[in-house]
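Asks: One line per chain: the protein sequences are S and Z, in this order.
Take 1 as the starting number for the first sequence in our numbering and just add one per residue.
Take 1001 as the starting number for the second sequence in our numbering and just add one per residue.
The set of hints was computed from the structure by calculation and includes no laboratory data.
Note that CB positions come from ideal geometry on N, CA and C, so glycine has one too.
Treat each hint with caution, since some may be false.
Claimed, not checked - Once the Cα atoms are required to be at most 30 Å apart in a straight line, the calculated DSSO-like pairs of lysine-lysine come out as:
1. Z:Lys1151 / S:Lys151
2. Z:Lys1176 / S:Lys133
3. S:Lys67 / Z:Lys1098
4. S:Lys4 / S:Lys133
5. S:Lys176 / S:Lys98
6. Z:Lys1172 / S:Lys176
7. S:Lys176 / S:Lys133
8. S:Lys176 / Z:Lys1030
9. S:Lys4 / S:Lys151
10. Z:Lys1092 / S:Lys161
11. S:Lys178 / Z:Lys1176
12. S:Lys4 / S:Lys92
13. S:Lys161 / Z:Lys1098
14. S:Lys178 / Z:Lys1098
15. S:Lys4 / S:Lys172
16. Z:Lys1143 / S:Lys80
17. S:Lys176 / Z:Lys1080
18. S:Lys172 / Z:Lys1176
19. Z:Lys1030 / S:Lys161
Stated by the list, open to error - So the derived label-pair ranges between C-beta atoms look like this:
20. S:Lys67 / Z:Val1163: 19 to 25 Å
21. Z:Gln1108 / S:Gly55: 37 to 43 Å
22. S:Arg129 / Z:Ser1089: 37 to 43 Å
23. Z:Arg1150 / S:Phe44: 31 to 37 Å
24. Z:Thr1170 / S:Pro174: 43 to 49 Å
25. S:Asn91 / Z:Arg1097: 27 to 33 Å
One-letter residues, chain by chain:
Protein chains: 2
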Amino acid sequence: MTKKTFPLSHVYRLLEPGPVVLVTTSYKGKANVMTMSWHTMMEFEPPLVGCVISGRNYSFDALTATKECAINIPTANLAKQVVGIGNCSGNKVDKFRKFGLTLLPALQLAPPLIAECYANLECRVVDTRMVNKYNFFVLEVVKAWIDPSRKNPHTLHHQGKGVFMVAGRTIKLPSKMK
Amino acid sequence: MTKKTFPLSHVYRLLEPGPVVLVTTSYKGKANVMTMSWHTMMEFEPPLVGCVISGRNYSFDALTATKECAINIPTANLAKQVVGIGNCSGNKVDKFRKFGLTLLPALQLAPPLIAECYANLECRVVDTRMVNKYNFFVLEVVKAWIDPSRKNPHTLHHQGKGVFMVAGRTIKLPSKMK
C-alpha cells in the first residue's frame, strides 16, 4: 500500500467539505460497496461520523450485523464507477469486479479498502439509537489512510440525479477556527 | 425579495454537496448568525437535515429554546464574512451589522434570512434525542428560497483552519439515483 497513516485528529478535513464516498462492508465472507453522500462529522477526536444508509441498500444488513465499514473517498477520475456503484445492487453483482476496483486489506476491519480512492477511513459503528427512525448510524473512525502524493484531490459532490460538482480551487483565510 | 420558492423535494440538491452554511436564530428579540459545516441530509421529503451545533456556540441556547433556525447558503464572494462570523460570538457583537449583511423576514419563522446568500432554508427542530450526547439536532426544512439567477453557485467547502475548497465545474452522468 502506497498510502500512509493520516492523523485521526485531521479526519474532519476530509469529510467536512461533503465529498461523495464509497462505503465498503463485509458480511458472510462477501465484500460489497455502495455510494453515499449523506454524512457529517460529529466530533473531532476521536472522529465521529454520522451517516444515513437506507434499509433498501444491501449494505444496510452488513453494517447492522458486523458494525464495521470503511469510508473510501474517490476523486473525479472515478466518477463513472461512483455512479455505476450507486445504480446497482451487491445483491446481484460483484461490484468490485464489475467496476475494476482494487481491494486492499484494512488494518482493523474485515471490510476492504479501495486502492483507487485517495483516502480510506476504517470505521466502527458506535451508536445505533437513530437507526430505526432515520437509518442514521454513528461511526467512529479508528484508522485513516491517505495517498500523500494527492495534494489537491478533485473530490465529487453530488447535486442530485447524476450531477456532480467537482472540487475546484482552494482559498485560505486567516481563521482561529479548527 | 428577488428570491423565489424552491421545491422542498429538491432541497437535498443544495445541502448534499456539503457547503458551509450560515445559521440564523432569533432569541429574546435578538437575531444571531453562526458558521456551520457539520450537517447532512437525512430524508428527501419532507427534507430532514441533521446538524451539530456545539454548546459552546451562542446560537445553541437560541436553537434549544426556540426550535427554529434558518440555513443560509453563501457563495465564495462572502468568504471573508463566513470566516469572520465563525471567529466571533453573537454574545459580544451584532454580527449582521459587523459584516454588513442584509436581513429579510422569513415566512414561517422568527429568525431572519440573509439576503446575500443564494439560498435560504427555513427550519424547525423536530428531534432533540441526540442533542445531549452529540449536540446533534434534526431539522425539518419547512420553506425554501433560492435566487433563480444563480445557476452555478460557487459554494464554499471547509477543509479546516480557514482553508476552503470553492465549488468547481459540474459534470453529469447517466444515473437512476435521485
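Asks: Now tell me, hint by hint, if it's right for this structure.
Replies: Verification of the hints:
1. Z:Lys1151 / S:Lys151: holds, 29 Å
2. Z:Lys1176 / S:Lys133: At roughly 25 Å apart (the allowed maximum being 30 Å), Lys133 of chain S and Lys1176 of chain Z satisfy the hint.
3. S:Lys67 / Z:Lys1098: Roughly 47 Å between the alpha carbons, so the hint for Lys67 of chain S and Lys1098 of chain Z is violated.
4. S:Lys4 / S:Lys133: Since the Cα atoms of Lys4 of chain S and Lys133 of chain S sit roughly 37 Å apart, the hinted pair is violated (cutoff 30 Å).
5. S:Lys176 / S:Lys98: violated, 46 Å
6. Z:Lys1172 / S:Lys176: Measuring from Cα to Cα gives roughly 37 Å; hence the hint is violated.
7. S:Lys176 / S:Lys133: violated, 37 Å
8. S:Lys176 / Z:Lys1030: Holds - the C-alpha atoms of Lys1030 of chain Z and Lys176 of chain S are around 25 Å apart, at most 30 Å.
9. S:Lys4 / S:Lys151: With Cα atoms ~14 Å apart, Lys4 of chain S and Lys151 of chain S stay inside 30 Å; holds.
10. Z:Lys1092 / S:Lys161: Violated: Lys1092 of chain Z and Lys161 of chain S sit about 44 Å apart, past 30 Å.
11. S:Lys178 / Z:Lys1176: violated, 38 Å
12. S:Lys4 / S:Lys92: Between Lys4 of chain S and Lys92 of chain S the Cα gap is close to 34 Å, so the pair fails against 30 Å, i.e. violated.
13. S:Lys161 / Z:Lys1098: Status violated; Cα separation ~39 Å.
14. S:Lys178 / Z:Lys1098: Status holds; Cα separation ~22 Å.
15. S:Lys4 / S:Lys172: holds, 25 Å
16. Z:Lys1143 / S:Lys80: violated, 34 Å
17. S:Lys176 / Z:Lys1080: Holds, at roughly 13 Å.
18. S:Lys172 / Z:Lys1176: With Cα atoms ~37 Å apart, Lys172 of chain S and Lys1176 of chain Z exceed 30 Å; violated.
19. Z:Lys1030 / S:Lys161: violated, 40 Å
20. S:Lys67 / Z:Val1163: 19 to 25 Å: violated, 33 Å
21. Z:Gln1108 / S:Gly55: 37 to 43 Å: Cβ of Gln1108 of chain Z to Cβ of Gly55 of chain S: about 31 Å, so the range 37 to 43 Å is violated.
22. S:Arg129 / Z:Ser1089: 37 to 43 Å: violated, 31 Å
23. Z:Arg1150 / S:Phe44: 31 to 37 Å: holds, 32 Å
24. Z:Thr1170 / S:Pro174: 43 to 49 Å: About 30 Å separates the Cβ atoms of Thr1170 of chain Z and Pro174 of chain S, which means 43 to 49 Å is violated.
25. S:Asn91 / Z:Arg1097: 27 to 33 Å: violated, 56 Å
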